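Dock chain B against chain A, hints included.
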Amino acid sequence: MEAAGFLQPVSAFFLNAAFAWMCGSWFSLNTIHWPAALACLLSTLLSLWAATAVMAGTGLAPAAALLPHMLVDTAYGRAGLAGVAAMLILMIAGRRSLLLAGLLLLGFAFSRALASHATGSMGILVAWLHLVLMGLWLGLVAVAAWLKLTDLRRLSSAATVALGGIVLTGFFNGWQRLQAPAQLIDHPYGVVLSVKLGLFLLAAALGAYNRFVGFPAVASGQGTGRATLVLRLESVVLLAVLAAAAVLATQEPPA
Amino acid sequence: MRQAITALLLSLAASAAMAHADIKQSVPAQGAVLKAPIQEVSITFNEKVEAMFTSATLSTDIGVAVQTGKAALDPANPTILRMAVPVLASGKYVIKWNAVGHDGHRRTGMIRFSVR
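Just so you know, the protein sequences line up as chains A and B, in that order.
Here our numbering is used: the first residue of the first sequence is 579, the next is one more, and so on.
Here our numbering is used: the first residue of the second sequence is 4, the next is one more, and so on.
These are computed hints drawn from the structure, not numbers from a lab.
One or more of the hints may lead you astray.
Here are some of the chain A residues that sit facing chain B, going by a computed Cβ distance under 10 Å [claimed, not checked]:
no.	residue
1	M633
2	G637
3	A639
4	M648
5	A653
6	A660
7	S694
8	H695
9	T697
10	E830
From chain A, some residues computed to sit far from chain B (all C-beta separations above 12 Å) [unchecked claim]:
no.	residue
11	A581
12	A671
13	R755
Predicted model, so just to flag it, every value in this text is computed and none were measured.
Every residue gets a Cβ at the ideal spot worked out from N, C-alpha and C, and that includes glycine.
Isolated chain A (complex conformation):
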């Protein structure tokens, strides 16, 4: 049980990080890196295995036999299976069509939203948008920081739109899952959410620095060194946001 409780958030973290990288490379480089798709697929399978153990209240070994039944007989499993299918198709056919790859990424995120804490049409729609925008923001920053810094204006505009959407959808999610603001400090779920919020604000501040100082400096020919450094810091902070989100996904919200 302990191993499953550890594997579940860890696999969710790698799954979301790989998804974010694909979003970033899709948007900035017009391509999908298959190692990221493979990492996302494997992490998804591991997270479903861990989820089976958690649901059954057993260890990972006995949960392996239950996994096929969980995938077929539960709504959570069917959503996960849809995500696996989306990632498999993405690996096989996604590189041939950017549009298809984009649709499959959206479909994968939707399967994640279906298996999240969100309920009701509005809740699932908002959770889906939140996942897509968070993946896009981290992906844009990570690809620019570690692979290729391209088209600063497009990068900055897209990241700003993503950030605005994350604030709105995050506010809705928090409103749905907390009964009172005080739970941000006196409920385990709220405390992790507060940590995530703090990290998010730090990443947003780093993004704002680049938008108003770093990128204009690059545009005026002062070199990419400082802007890239800030982007790398921002990507690391956003990975910490993903880690907090992965822990949140395994916790029970108060409402």
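What follows is chain B alone, placed relative to chain A:
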């Protein structure tokens, strides 16, 4: 047009509900003192729960298991878990339940009641 959009948004917002499975009501209720025999225990959850990972057992308050029917979801309403029970002697009892909702979270709990 504006009214239609408002109605749509309100209906979507209204459909938002609890994020995980939890007990809405049970028969017998928590802490109930029964004066007449019951034939079954029923637990109603706030959302549809997964049959594969939802079950219940009955025991006395000192942990002696009571032979019951297998707990199963009501085919007509999968938010209700039903379990047939034999005629219970006077004493204190505990129903232990576990359930998994759409979000994959395992919830467990106990319902204590007594029979006069």
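We went through each hint and held it up to the structure:
For M633 of chain A, the interface hint holds, the least distance from its beta-carbon to any beta-carbon of chain B being 5 Å, beneath 10 Å. For G637 of chain A, the interface hint is violated, the least distance from its beta-carbon to any beta-carbon of chain B being 14 Å, above 10 Å. Violation of the interface hint for A639 of chain A is found here, the shortest Cβ-Cβ separation to chain B being roughly 17 Å, above the 10 Å cut-off. At about 7 Å, the closest approach between the beta carbon of M648 of chain A and any beta carbon in chain B falls short of 10 Å, and the interface hint on this residue holds.
Hint status for A653 of chain A relative to chain B: holds, with the closest Cβ pair at about 5 Å, below 10 Å. Checking A660 of chain A against chain B by beta carbon gives a least distance of about 14 Å; that is not within 10 Å, so the hint is violated. The interface hint given for S694 of chain A is met, as the beta carbon of that residue sits about 6 Å from the closest beta carbon of chain B, less than 10 Å. Interface restraint check: H695 of chain A against chain B, minimum CB-CB distance 4 Å, threshold 10 Å, status holds.
For T697 of chain A, the shortest C-beta to C-beta distance to chain B is roughly 5 Å, which falls under 10 Å, so the interface hint holds. About 6 Å separates the beta-carbon of E830 of chain A from the nearest beta-carbon of chain B, less than 10 Å, and the hint is met. Listed as outside the interface, A581 of chain A is consistent with that label: its C-beta sits roughly 15 Å from the nearest C-beta of chain B, beyond the 12 Å cut-off. Under the 12 Å C-beta cut-off, the non-interface status given to A671 of chain A relative to chain B holds; the minimum distance is some 29 Å.
A beta-carbon of chain B comes within 12 Å of the beta-carbon of R755 of chain A; the shortest separation is about 6 Å.
Comparing the model with each earlier hint shows violations of hints 2, 3, 6 and 13; every other hint is respected.
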